[in-house]
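Undergrad: With the numbering used here applied, the sequence shown covers 1 to 157.
Think of the hints as simulated: they come from the structure by calculation, not from any bench.
Being a predicted model, the structure only gives us computed values, none of them experimental.
Ideal placement from N, C-alpha and C gives every residue a C-beta, glycine not left out.
Treat the hints with care, as some may be off.
[What the hints assert, rightly or not] DEER-style ranges, computed between Cβ atoms: (1) E47 to L157: 29 to 39 Å; (2) A88 to L126: 31 to 41 Å; (3) P127 to A23: 14 to 24 Å; (4) K111 to A139: 18 to 28 Å; (5) L126 to T25: 13 to 23 Å; (6) G83 to I3: 34 to 44 Å; (7) E8 to L53: 30 to 40 Å; (8) P127 to E50: 18 to 28 Å; (9) E50 to K156: 11 to 21 Å; (10) K111 to A88: 19 to 29 Å; (11) K111 to A12: 31 to 41 Å; (12) Q9 to K31: 29 to 39 Å; (13) T104 to L157: 13 to 23 Å.
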Amino acid sequence: MMIKMDEEQLDAFYVLGIAVRTANTPGRATKDIPALWARFLYENVAERIEGRLADDVYCVYTEYEGDYTMPYTTLIGCRVQAGTEVPAGMQLMEVEGGQFLKHTAAGDLMKGLIFEAWTNIWNAALPRAYRSDFEVYDAAPSAEALATVSIYLSAKL
1 MMIKMDEEQL DAFYVLGIAV RTANTPGRAT KDIPALWARF LYENVAERIE
51 GRLADDVYCV YTEYEGDYTM PYTTLIGCRV QAGTEVPAGM QLMEVEGGQF
101 LKHTAAGDLM KGLIFEAWTN IWNAALPRAY RSDFEVYDAA PSAEALATVS
151 IYLSAKL
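From just these sequences and the hints, can you work out the full model?
TA: Laid out in structure tokens, this is it:
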């Protein structure tokens with residue numbers, strides 16, 4: 001399956017939020033990541049991040065033990081400046097700068113938009129670096145059925 005990817009050079013940045021360690025083994029990530037999203041929304045985590053640079057929400061996949069089949073950390077939060085104070089129960093994570101491949105997924109979040117995009121990514125022969133990959137959810141109000149999400153993959157280009 002061909003998946004449209006654009007190349008981008010990005011500087012390092014920081015995301016503050018809540019995290020879970022998981023893996024793409026049956027029953028793990030499909031349970032852990034939705035539970036993390038539920039907690040993020042229920043606990044109004046974004047509103048508790050003082051000094052966030054924007055209201056966009058980031059979902060970062062990092063600390064890979066290998067490729068996407070191995071354990072990794074998922075963090076959901078907002079961009080902040082380096083040195084931002086870390087509230088109890090949250091983590092500050094640096095997303096390394098470098099070369100990234102960007103894919104834009106558009107459609108209905110409630111109908112598997114993100115899982116479908118990742119399935120296509122996993123099935124494509126992409127030069128992934130497995131440093132930090134992330135999704136950006138635009139803070140602009142829109143219907144869940146009309147969502148646009150940018151997915152960035154750290155790349156070996």
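Undergrad: Against each hint, give a clear statement of whether it holds in the structure.
TA: Okay, the hints, checked on the actual structure:
1. For E47 paired with L157, a C-beta distance near 37 Å keeps the hint of 29 to 39 Å intact.
2. At about 38 Å, the beta-carbon gap between A88 and L126 stays in the expected band of 31 to 41 Å.
3. Here the CB-CB span from P127 to A23 is close to 22 Å, well matched to the stated 14 to 24 Å.
4. The given range of 18 to 28 Å is respected by K111 and A139, whose C-beta atoms sit roughly 21 Å from each other.
5. Remark: the range hint 13 to 23 Å for L126 to T25 is upheld by a beta-carbon distance near 21 Å.
6. Range check, G83 to I3: about 37 Å between beta-carbon atoms, so the 34 to 44 Å window is met.
7. Between E8 and L53 the beta carbons are some 18 Å apart, a value that contradicts the proposed interval 30 to 40 Å.
8. Between P127 and E50 the CB atoms are about 38 Å apart, so this pair departs from the stated range of 18 to 28 Å.
9. Range check, E50 to K156: Cβ separation about 36 Å, and the 11 to 21 Å hint is violated.
10. A C-beta distance of roughly 36 Å is found between K111 and A88, which places it outside the suggested range of 19 to 29 Å.
11. Between K111 and A12 the CB atoms are about 34 Å apart, so this pair conforms to the stated range of 31 to 41 Å.
12. The hinted range of 29 to 39 Å is satisfied by Q9 and K31, whose Cβ atoms lie roughly 35 Å apart.
13. At roughly 18 Å, the beta-carbon separation of T104 and L157 lies within the given 13 to 23 Å, and the hint holds.
In summary, the structure is inconsistent with hints 7, 8, 9, 10 from the numbered list given earlier, while agreeing with the others.
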